[in-house]
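Model the full assembly from the supplied sequences, consistent with the hints where possible.
Protein chains in written order, with my numbering: chain A, 164 to 613; chain B, 73 to 201.
A few of these clues could be false.
Claimed, not checked - Reference listing, derived: stretches of chain B covered by chain A, where coverage requires no fewer than 3 residues with Cβ under 8 Å from a Cβ of chain A:
(1) 103-110
(2) 114-128
(3) 137-151
(4) 169-175
(5) 187-201
Said to hold, decoys possible - List time: in silico DSSO-like cross-link candidates among lysine-lysine, alpha-carbon distance up to 27 Å:
(6) Lys-285(A) / Lys-116(B)
(7) Lys-345(A) / Lys-313(A)
(8) Lys-442(A) / Lys-457(A)
(9) Lys-224(A) / Lys-167(B)
(10) Lys-199(A) / Lys-119(B)
(11) Lys-255(A) / Lys-133(B)
(12) Lys-167(B) / Lys-230(A)
(13) Lys-116(B) / Lys-199(A)
(14) Lys-581(A) / Lys-457(A)
These are calculated hints, taken from the structure and not from any lab test. Bear in mind that the values here come from a model prediction, so they are computed numbers and not experimental data. Positions of the beta carbon are idealized from the N, C-alpha and C atoms, including for glycine.
What follows is the residue order along each chain.
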Amino acid sequence: MSAVSRHARSVEELGVPTVATAGINIVNYALDYDFKYSNGMPIRYVAFPFPIAGQPRSVHKEYVAGKDQLTGQPVMTAIVDALTTPLTDKEKMTDTASSAQAETEPRFLAPDTEENLRHLFKDKEWTDYNPIILPTEERVSEMLTGTSHKPDEVINTIRFMPGNRELTVEKVAIAAVMAGAKPEYMPLLLAIATRAPFGNSTTSMANTIIVNGPIRKELGMNSGTNAMGPYNDANSVAGRFFTLISKTAGDYRNNVNAWESLGSNLQYNSVTIAENEEKLPEGWEPLHVQMGFKPEDSVVTIGTGWSYISSLGETQPAYPAHMLIRDYLRSLSAYGSGATIYVDPTTASLLKDVNGFETKLKLSEWLSENVEKTVASYWGNGVIMTSNMAMAFQGLEPYASWQKMSRDALIKPFNNPKAINVVVVGGSIQTTWFATDFRLNPGVRVDDWR
Amino acid sequence: MNLKRLNAKLLQALFCSVLAILLPASAMGAEENITVMNPAIAGKLAKRVPLSPRLDTLQGKTIYMVDNQWGGPEGAYQLFEEMQVWFAENMPSVKTILRRTEGNMFTDDPALWKEISEKGDAAIIGTGQ
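Here you go:
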């Protein structure tokens with residue numbers, strides 16, 4: 164539920180007439196999708212132009228003296244009217260009196276030509292606009308042979324977007340067919356689907372999918388040369404599947420409920436890789452073992468973030484990788500102290516053998532201790548400001564102290580080393596690495612979906 | 073076009089016409105209908121909840137203004153301060169109380185909602201987004 168509509172509803176339910184105000188973008192979403200699937204209360208809104216935050220007082224003064232973006236009447240007149248104009252019959256409706264018929268989706272689409280169906284899938288925004296395999300019943304049945312789970316089993320109720328959509332094994336198989344998957348991919352895809360949909364925010368989010376354990380070899384995944392590029396079927400299809408299941412099960416539609424201002428090109432494949440466990444330096448554990456799984460478990464881990472920065476060239480002995488990684492991390496938000504560093508096996512070996520990082524955690528601890536940024540830069544990030552400043556006002560540390568420090572003071576924002584993950588991937592062609600701000604969710608056992 | 077080529081063209085057209093009569097449409101390139109499965113999932117509609125009754129007038133009433141801090145604590149605060157100025161100038165009998173929520177945009181603030189219901193007559197709740 165939209166934050167402003169949820170708060171307005173809470174006050175309305177206590178019998179207090181309320182008007183909600185926000186930028187026109189948020190109000191349009193609140194009036195449509197949010198009202199229909201989440202809030203259910205016909206909140207009265209007054210809309211300002213966007214943006215609001217970040218504007219000087221002079222602009223806010225103009226907004227208040229200006230027009231309501233919904234009705235065109237003066238803003239303050241609209242606010243007074245919203246609090247005093249008697250309710251309409253629609254605004255008095257209760258569930259029993261007014262509910263629309265519950266939505267239904269037929270199991271099969273109406274028969275049509277292949278060409279028309281392809282257009283339909285695009286018109287409905289069910290694809291990434293690249294060609295798909297149309298999910299005939301025969302193809303979906305074959306896909307379902309890749310798992311022992313029943314087609315009608317609900318594996319995930321999608322709540323990230325309002326609507327509580329129940330994602331079944333059969334719907335996963337449909338998206339798997341669309342993505343061009345093989346039946347043997349199903350356990351991995353089902354595990355991925357338990358984390359669907361991908362991140363969706365005005366801030367233009369991105370994701371990563373990291374696979375560990377024997378399933379990597381079973382599916383022929385690429386953890387070596389070009390692991391992050393378009394050179395492997397399983398990596399490519401699994402990443403694309405996450406996009407398609409997010410759009411179909413998550414009901415993501417452009418400017419309806421998917422409102423990423425710039426969007427993210429990473430959403431086409433979600434940086435889908437397998438960890439190169441065979442090339443880990445001695446003492447460096449695979450990601451899933453660090454999380455508490457057994458080495459013989461097959462696990463997929465999905466992370467959410469925004470940014471992806473390359474080291475470009477080879478590691479220089481005068482300024483080794485960990486120092487440059489530290490520098491690059493300064494430019495990231497440190498939201499939730501989250502970072503994921505992808506290092507080539509050769510870089511990992513240098514970090515261990517030359518720079519003395521005996522484990523991944525030692526490197527994470529060093530980065531946590533050594534990445535510094537100014538207070539002004541930290542609070543200058545809107546996501547940090549929105550989520551963490553309120554905690555500072557509540558006296559929660561370290562945010563309360565960071566809020567009181569001078570703008571030029573240096574802080575260590577990656578204050579939880581366990582949220583700084585290191586993944587070894589690549590073909591030992593170049594001593595390169597990527598620094599990202601992906602925060603990893605707990606891993607999902609693929610074996611549970613065989 | 074010479075006569076030989078004209079005859080060849082006529083023969084070709086005749087051959088195609090005969091084929092069109094004898095062969096099914098699919099063999100001539102017309103697409104058949106197929107049936108595919110639906111990837112979409114029905115959403116559950118929200119339960120409808122009515123608004124609370126409106127006030128007859130705002131004159132002499134207390135209005136709480138709440139910034140829920142989406143966009144940061146300064147995101148919309150000035151906007152509310154400017155609304156306070158408007159009420160002071162245009163409806164001076166209205167008392168306005170400006171507050172921020174205790175948490176952030178993702179959290180609720182039941183203590184503030186209770187205070188508003190006990191001490192306020194109306195509310196304006198807004199965001200910096």
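Query raised in the report: What hint numbers does the structure not satisfy?
Result: Violated hints: none; all satisfied.
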